[in-house]
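Student: All chains should be modelled from the sequences, with the hints used to inform the complete structure.
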Amino acid sequence: MKHYFQKPTHAAPLAAFRIIFGMMLFISIIRFWCKGWIYELYIKPLHFFPFYGFEFVKPLGNYTYLIFIACGVSALLFAAGCLYRIASISLFLSFTYIELMDKSTYLNHYYFVSMVLLLMVFLPANRYFSVDVLRDKSLFASQVPKWCLDSLKLLVLILYFYAGLAKLNSDWLLNALPLKIWLPARNDTPIIGPLFNYTWVAYLFSWFGCAYDLLVGFLLWNKRTRPWAYITVVAFHGLTAILFPIGMFPYIMIVTALVFFSADFHRKIIARLKSFFKKDTTLVEPHVEFKYRPIVQNVFVCLLAVFFAIQVLMPFRYLLYPGELFWTEEGYRFSWRVMLMEKAGYTQFTVKDASGKRIIVNNNEFLTPLQEKMMSAQPDMILQYAHILRDHYAKSGFISPQVYVDSYVTLNGRRGKVFISPETDLAKEEESFKPKTWILPLNDEIKGF
Amino acid sequence: MLILLAGIFACSKKEAAEKDNTNTGASADRKAVLIQLADEIIIPSYANFKLKLDVMVSKTNAFGNAPTVTSLQELRTAWVDAYKEWQKVEILDFGPAEMYAIRGYMNIYPANVTKITANIAAGNANLDLPANYTASGFPGLDYLINGAGTNDTEIVAFYTSPTDGAKRIAYLKNIAAKMSAMFGFVSAEWNGAYRETFVNKTTIDASSPFSSLVNGYIRSYESAVRSGKFGIPSGAMENGTVSPQNVEAYYKKDISLTLAKTAHLAAIDFFNGKSVKSGTEGPSLKTYLNSLPSSTTLAAGINAQFAATTQKLNAINTENLSSVVQNNNQQMIDVYNEMQKLVPLLKVDMTSAMSISISYTDNDGD
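For the record, the sequence lines run as chains H and Z. Counting in the numbering used here, the first sequence runs from 8 upward without gaps. Counting in the numbering used here, the second sequence runs from 52 upward without gaps.
Derived by calculation from the structure, the hints in this document are not laboratory data. For every residue, glycine included, the Cβ atom is placed at its ideal position computed from N, Cα and C.
Computed, partial: chain Z to chain H, Cβ under 7 Å: (1) Ile255; (2) Met288; (3) Pro344; (4) Ser346; (5) Val399; (6) Ser403; (7) Ser406.
Here are the computed distance ranges between Cβ atoms for each label pair: (8) Phe236(Z) - Pro234(H): 56 to 62 Å; (9) Glu452(H) - Ala244(Z): 48 to 54 Å; (10) Ala221(Z) - Glu372(H): 34 to 40 Å; (11) Asp305(Z) - Ser439(H): 56 to 62 Å; (12) Pro376(H) - Asn242(Z): 28 to 34 Å; (13) Leu326(H) - Phe236(Z): 56 to 62 Å; (14) Leu181(H) - Lys328(Z): 42 to 48 Å; (15) Ser407(H) - Gln296(Z): 30 to 36 Å; (16) Thr309(Z) - Trp40(H): 52 to 58 Å; (17) Gly243(Z) - Trp40(H): 35 to 41 Å; (18) Phe236(Z) - Glu372(H): 26 to 32 Å; (19) Glu438(H) - Lys328(Z): 53 to 59 Å; (20) Ser329(Z) - Glu47(H): 41 to 47 Å; (21) Glu452(H) - Thr348(Z): 18 to 24 Å.
Tutor: Next comes the structure, spelled out in structure tokens:
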């Protein structure tokens, strides 16, 4: 083990990853801006749904654009390897800040990006083919510790493997849900669309998707299977990009998987880039090995162990909660559970007080359609919204307002049913990591992970 | 991947067709649904409404040119006919109807008499302003031809008044002309290019015709039928505070129930794809739901709930819903409660089964 942490590897894959990943994030930010989503998602809404413990993370009105500018600029500097330490820290912080502003926009791939960036802050990704090296030749290293590169690979492997584990459940494997719902709705896709009318195609996709997620990380790691595994990465993510509105995620994964490729492969990429910049394209370079100072290395490796322990355990925290995970969503996020549910809900809130005042809330006056859709099927957001209503009506003359909800949720094609106890005064309930007793049971078991 | 899939498809199609009895072969054909709804319901319903609306406009002008009890009664008959026909198209709140906010110009009630009086006095009211929705449309006319006096002679006198008669006639004509003009835009779109757009874009993204028709249909049933006709007057949605003056066609007094039943039936027929021309059912939201492998019993459940609502509607035996609110409000609440059970079936179960999206942003399905 000790020997492993002394092993070097070529610095090119890490440097290439830095460039590609940074550029992908830069493109993501530009795309987000061009689609008007900064205004639409973070400025226009009247209320937001912060994460528990991160309530201080809020959009800053029109200054929100500055966070996105900071993020975009950091991404460029990060890609260029310019002022790398500062750039990587500010990229991690700005990206994570954006992600934490509103739960309604939670995506697993945003979380993945944040985790990769957190790792990258500690890795020597600017020692090779970077502006930092151009400015200070003494920073150059052709070799970096092998564990630095492996830790990135391990994170990608965990993502895929856990996404596969999450698919080992009866809805996904035995009932081909939710693909059985989603695929027929896309039967007008060119060429392959007509296939989606067949139920067996939903089963094929479900089983293939599950096996793919469980295995692809290992197949990418293994040199002999790597080229074939990569072809399936491109095909699989390409297909999901065509079928589902999942934005940049497929493309980010397609380029991220390149991290598994050999140093020679990455050196060729970098040589191409060098020729583009009209630099010396020879592959001959001095052999310089970068090593952390022993004390720093020990601290980093310990932190890394903690980081991965959290990564491995987090997806299992749902076991601490009673009830059906897909229904209560207690312990659902940050666990690489992607595309597993077709869930939709309907909520009608009633606010009243002891003096007999009573009002039925029009959700459109408080939330955007996206926020309402997300809130309606997620208990923690229902509670947050109930508190938004409590505070709003307390200001407009209700004396200690009580908030009740009539809710109705459907999950993976099951006939919808009441979701939240209509007798519970949500104004009095507090958010915590404890089980939420006011979620009514699904009365159905989804077996498996 | 495509070649691979095609290969798997070619190899296993026959085998799968034999094994998989859950696949009935009925494919989820949105285009067929869109064509049926456009050609057999939407376009002919709009055409029928246009006929009645045109008669109403000409009777309005005839009355305006010569206000007599006879011409008033003719106008009133034309107004009733058009109002009933409107119930069949109010549910179609998507596409051009949504774009032109046609419902605002046609049927926002209760009528605001204060505003109507002020608009008449001002003489230059801009009926395009949303603030004037409650002073125009069918409810505005309801007041002007049914509520402006206690009997027909008084109502005619309202328009023959030497001081304000001319202004009142101008306003009356103005309302009818506005309704006709606004509906003309919607009608022209459907008879023009929109029909092709509607039937040819079969995707289910948020901006697609299929999504907007499903969302618009549900929204109009929820707000125009459930809330407007029952939830609000009965007080079921208003903390139990009844408001008998908020029923539809309040001044006419004897058509409210027919209007409600007509709208409810139109919603049922739309769901079942029942042709306005032939009376037979075709591809529809019902057949589409039935063709989806994961929701085989949902359409039947929705129709059962429609039927339960119809039953409660049939229990009401007087046209004057305002008096029902005052004397037998439980009947109104019963209808509301059944309609309220229908809303989540349509809004949650149906849209989820159809995978209809409401937002434009990225989503990874959780």
